[in-house]
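Visitor: Residue strings, one per chain:
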Amino acid sequence: MKKDILRRDFIKILSGTTTFGLAYRYGLFPHLISGPVRDALALENDDISLRPPEEKWETSICQQCQGGCGILVRVYGDRAVKIDGNPLHPINRGRLCARGQSGLQYLYDPDRIKGPMAREGARGEGKWKPISWDQALAELGDKLKTLRNQGKSHALAMLTGPQRGLAKNVSDRFMEAYGSPNLIRNQSDRPSGKTPAFHLMQGSDAGITYDIEDTNYILSFNSGLLEDHWSSVQLSRAYGKFRRGNKDERGKLVHIEPRLSVTGAKADQWVPINPGTEGVLAMGIASVIIIERRYDEEFIDERTLGFEDWTDEKGASHPGFKTLVIQEYPLEKVAKVTGVPRDMIMSLAREFVHHQPGVAIGNDGEWIGNQGIYNRMAIHALNGLVGNIQKKGGILSNARLPEIPLPPFSPDPVSAKGRSMPRIDGAGRSRYSLVQDAPENLAEQILKKQPYPIEILLIHGANPVYESPEPDRLVSALNQIPTVVSFSSSMDETTRYADIILPDSIYLEKWQLDTSYTLKGNPLVSVAKPVVAPTYDTRDTSEILIALAGVMGKPVSSAFPSAKSEDLVKASLHPLHASASGEAFGAQLEELWTKLLEQSGWKVRSQEPFDKFLADVQERGGWWDPVYYPWEWERALSTPSGKFEFYSLTARKYFSDLKGMDKDLALQKIPSPVGMDKLDAACLPLADPGVSKENDTLYNLELNPYVIPILSGLNQTNQPWLQDISGFHVYQEWHTWVEVNPETADKIGIQNGDWVWVESPKGKIKAQTRLFKGAMPDVINLPVGLGHASGGRWTTGIGENVLKILLAEKEPFSGKVHFQRSRARLTKTNA
Amino acid sequence: MDLKKAFEHDEKTLLKPILESNRNYYITVCLLSLVVAWGFFAYFHQLRNGLGVTGLNRPVYWGFYITNFVFFIGISHAGTLISAILRIAQAEWRRAITRSAEVITVMVIFFGVASILMDLGRPDRIMNIIKFGRFESPLLWDVTSITIYLTASTVYLFLPLIPDIALMRDKANKRKWLYTVLALGWTGTPRQFHRLETAISVMAILVIPVAVSVHTVVSFVFAMTIQPMWHSAIFGPYFVVGAIYSGIAALIIAMALIRWVYHLEDYLKDIHFNNLGTLLFVMTLLWSYFTFSEYLTTFYGAEPSHMQVFWAKFNGEFRFEFWGMILCCLVIPGIFLSNRKLRTIKGCVFASAAITIGMWLERFIIVVPTLANPRLPYDRGVYHPSWVELSLLAGCFAFFILLYVLFTKFFPIVSIWEIQEGRKHAVAEVAGRVRSYLPDAYNIKNDVDVETKTFTNAETFIGNT
Amino acid sequence: MAKWGMVIDLDKCTACQACVVACQAENNVPISNPETAKAGRSIHWLEMIPFVDDEYPHVRMRLLPRPCMHCENPPCIKVCPVGATQISSEGIVGQINARCIGCRYCTTACPYTVKYFNWFKPEWPKGMERYLNPDVTVRYNGVVEKCTFCHHRLQKARDLAQYEHRELGPDDYIPACVQTCPAEAMYFGDLGNPKSTVSILSQSKRAFLLMEDLGTHPKVIYLSEGV
Amino acid sequence: MTRRSVPAMICCAFLSAMAISLFCISSVQAIEQPIQYNHYKHTQKLEIECVMCHQGVKDGVRATLPSVEICMGCHSEPQTNSPEEEKIRKFASKNEEIPWKRLFEVPNHVFFSHRRHVSVAGLDCTKCHGDMAFRKTPPSKAPMKISMNACLSCHRKLHAKTDCVSCHR
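Residue numbers (our numbering), protein chains in the order written: chain P, 1 to 831; chain X, 1 to 465; chain Z, 1 to 227; chain U, 1 to 169.
No lab work stands behind these hints: they were computed from the structure.
Keep in mind that this is a model prediction, so the values were computed, not measured.
There may be inaccurate statements among the hints.
[Claimed, not checked] Short, incomplete list of chain U residues facing chain P, as computed with Cβ under 10 Å:
hint, residue
1, Thr43
2, Val61
3, Arg62
4, Thr64
Even for Gly, the Cβ is constructed at its ideal location relative to N, Cα and C.
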């Protein structure tokens, strides 16, 4: 008996441990087996035994925003494993921002569109079937060819995002060869600073830039300087030097904004201001400067127009800036409107004048937060007042970009006929005479079929359905168009309504020639080459367009000398080589030498052979002209009068040329100060607070939207690295939050972390409350950039699209949509 | 003659739980086994998926498991320490309760150790502690002292068990082989008794410093860091006091249950509860004193990072736990134990239950708020235990009770031979002892030496007084 | 022997968080998602920490990039029962995750909360694992990880330097965060060499250490804002 | 069976159970190479240096196993009439690499540089790889075990760095 028991126990213990052993061995406890490392890197292990993969750093350009930074990509075998800045690139000098670093997640985004697809089922239903490139190109090519043969080449429209360099040239050339005027570029004017405010006052077609690096004082009017600049790395570098450069004086930054943003936090002084009244404050500061006669009299006499009251050649007299300021912006009134105390306005004005060179910076052209044209003009007027134009540490106008055209080509009569038709968006005519593109009008015009219906729409690099103030209207407009083609690499909101998707390769997989500027106004041309083979079955949009031209045959196909972007890059560089100016990027020491030589009259680059030039430019990442001539006033002040215009003659011409209804519409919203002609007023920086702070009992809070710095640009947000750091200052990521002042929250009865409805007259969204002492009482701050309805696992349904509840208004002059602040209220809800 | 009858009565009553089992016993075992099985399932789930299934996060890296660890190790002070102290103090009322106390110790240490194992991210690498152990780490001090404590306690439990096991071997019909092995050839000769008693006294003396060291070292896990409200020199004694406090409470509950379930009213009497209740009241005061000192020093020093934790406990997110602890560990015991009328068995058990809960909360209040309020600002220092942690907590308690119940079914939970020894010798011994405390003048003087003779003269001696 | 250290000039820093992402890209840090973020389990070896002080309208917000301090007297290594975290002779506090048993004692002992735990097995969606850095291991489930000053870069740089029979130059070894910092606000180098940039900057009157009173002797030195 | 042997038996049962489970956990399969390569013949008789085939030993971080190309350098024409040799050409004709199995492997969390040990420190191959060069047939397991203790003892002896982070990553 004893033996039995013993044996039983023996067997029990034995089988127990053996079972555990086997379970362990065969992976019932997967994480305990020390293999996860191998799993994750399994791809590498295959070739580990033979030859280790080759490792190299390839130069390219980061094209995730308009900044134009040069990058070095660490390529390990066939995969990209790290992106860093290109130390030779003058824009970023080896540095890179969060977004640039995150490019790897853009490249290897598992939710990218993996090959060409055709729609199955209804539009927007989301059913797709993969097709081959040949079939897709043949079908689309046929359609295009038929349309052209019918003589309706103008019925093709192309909507693109901001494009530069080669990509821009190819789309331009494609539309030119095909014969349609309707290349509508959702062009952000930021890099070139073509914002109408500057255009009206300074002309400067190439755009202007602020010399942050060498300035002593920055008066920042809700500028998003450190968060939302068009070239953030360049700006950061300049900011570092502004603070702790080799100058004697540490630069001082004063930031004026309703919320304590990162710029506000980093500033020496944060001035909270009632939302939307920055322009008024600028005028208040101007009035102090004028009354105390602290302005730069020499500059004002020599290089400005419209400071004092003046008389034109016809003898008509017009009010000047001085009159406007003194009459309309007395200090008490400004203090009341802006909420900034009188004394502070005076001390700001004195400081600004005292610490010259200094710059007054407004929001340079982004479309959130409504710093309207007049407000921006008011801010820019401060720079004129202190004569800060074309000066080290002041406002510089960009030097002209060199030519990098495609080889010449002559369009056929069909094309000429098509091109002579009016543009569908109305840009360049009447109310839109000052702008080249007016994508905002697209929905309306397509729905009205005015002036003619669109048959085929190509969409590339733009996501209007997300950004539009009226997405439903835009969708119904898209539904009017028989064929919608998207080149998007991700399934964004707009792409969902397409018929055919021809996915674009992303920037690390294709050729590009990019043009940009440094913050010192130097032009540069950078070269991007594919650093890895396309991850999925995608193609470069430029090459797709060329292939489409190829399918259509002559004469359209003859517009392109080659079907390969690579050849076009090389061809485009020939004129640059021939110009014999500038040089390939080099170390900073080399540049100094170049500058010295050139300024003493030496021609720097002797005629080296093109091949060497090409190799140099490719190896170093690009070409630039390090020499900048600040005395080129014709370029800097290219207004009708050739002067800095406090009274804009461009505006006057614009309004005078308008007729009838258009004129009334344009002038409708502009207030007319007492004793001043309305037309005169419309040409001056008539800053206006916009929405008034009346006692609205229903919507008792002011809603102040702002762009999340990390997600600015709003597209391609399917990058968890970026989503994960979006709202660090309030410890919130991965959802929309609303910043509320603790006292205000107390009043409303909500607590940190509560879920609330943010309700504006236009609609409501859900957000999580974040108590933030940097929010003004009765002003709530909402971050823009989240809430995509489509696009990938890390962006779809993450947060809410704040644009849905913002009121939108079209700007005079440009017709650009501006999302305004509005009134809102908060009501508690469940998660 | 009477003595023999009494002995038979003892054996009959005290062996009854082992020899006879009713339906309630099986139901209890089944229910407890179910909870234990659920606990095992929860742990398996955690083992498969990683610690992410718990409610732990950053910065609250430690939660229920470490709380349980400290709590269980604290409870373990019930037995060995108390029984050792009582033995050394020659408190005669100990005889009925030492065994049940010692069992608590041995059983509960396993759960303390298991809690640590549950807390490990890589339990499969546990051998690293032996292979690469660094004695600079307080965790290794813990490993060492707990191992010693476990060994000592097991020996200390086992030694007094031997005569009873031998009794089982001779009297019981089942599991004879087991008792035979465990009895180690005990025949009950005076020589064996002498050796046994010597061994027990040596162990009793040895085990006290070990027990004190164990909980001191457990406190060092916290006190050696520089974290706010952990870095405290008072933590060692504070933890020891808390441990004894919770240990006695656990013991009272266990005794009451045993008394109730096995009808041992005759052995576990009011006086036992009253005595333990008094002891518990002393511990209440002692614990309160330490708590007061601990919090007062923090408050008075008013260092910002410390105060952040302090306020989180006082009126912040941990206020319920904190005031719950004060209620359970100070107010309720204070009321029930200080008052003779309320210090009944029921009163003691109620106070003990409150203390057990309160002491668990105290451990929680020590572990979590400090982590939830780190020095650098974080917003999300919140901790909500997940179902896994709750299941494992339930599983641990159920498993502990189950083992305890099973123990009572294998071995007498009241030491038979000690009771018998008490009947036989103790009365006389105490009388002799008492007499030896008194002044010699006018004391009744016998010719024989008191200490050796009293044993035999007990009855006459009592008669004389 | 070098003493590697970092200087962060808060006056230059623009809180752009490029360093945060660069670190994650370099070191194969597991990616987070709404669930992990909500549970407070996201891993950022380098984190931007806001300090908000005072009341409106005189609110001050300081933004502090916080890598591991690489203390000379690190509280974390003392408590590790298995020696999985150790300070090297060059002052780098490393985490040997192949030995770590996941007790999380070091994470609780660190006053700067710079240590992170892998609550789950780190996973990347199919295709995304391609960007993983071959020089850095992917950590396991259940172990602690932390900023290592990108010491794999030191291993590689030193290997190359020795192979080429030269001294390790000042720019050979720089962590990913310092390399990318757009404002050029981060400096890295040998604190033991009095002529190095970091040594000179660490003598600045603006220099301060985070929680200096704790006596941990951090090797990350901040330069405060202002004049 | 006596009473006394009972505990002993229980211990035995437990120990053997542990042994079995350990075996289950750590069982290593014998490695079989695709070709019965003769190290001895190549290195000792023909006096070919290790580096000739295992490229990257002196100048790379990693040493490599020879690719079919390297073998074909000599064996494109038959040198002997061994059937093993024929296999090389078979692989080559199919444009495949020879699926050599690795015997020596440092774990992924270890940074090991061959050039640092061979070129800089001047270590002999046998220090780590044992008598590999004298093997006439491929061994079924590594002739020397690469363990951290082995690394460390050598590092200590030669006063090389023993910081954890010098090798671990």
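Visitor: Take the hints in turn and mark each one as holding or not.
Guide: Consistency of the hints with the structure:
no. : hint  : result
1   : Thr43 : 20 Å, violated
2   : Val61 : 7 Å, holds
3   : Arg62 : 5 Å, holds
4   : Thr64 : 5 Å, holds
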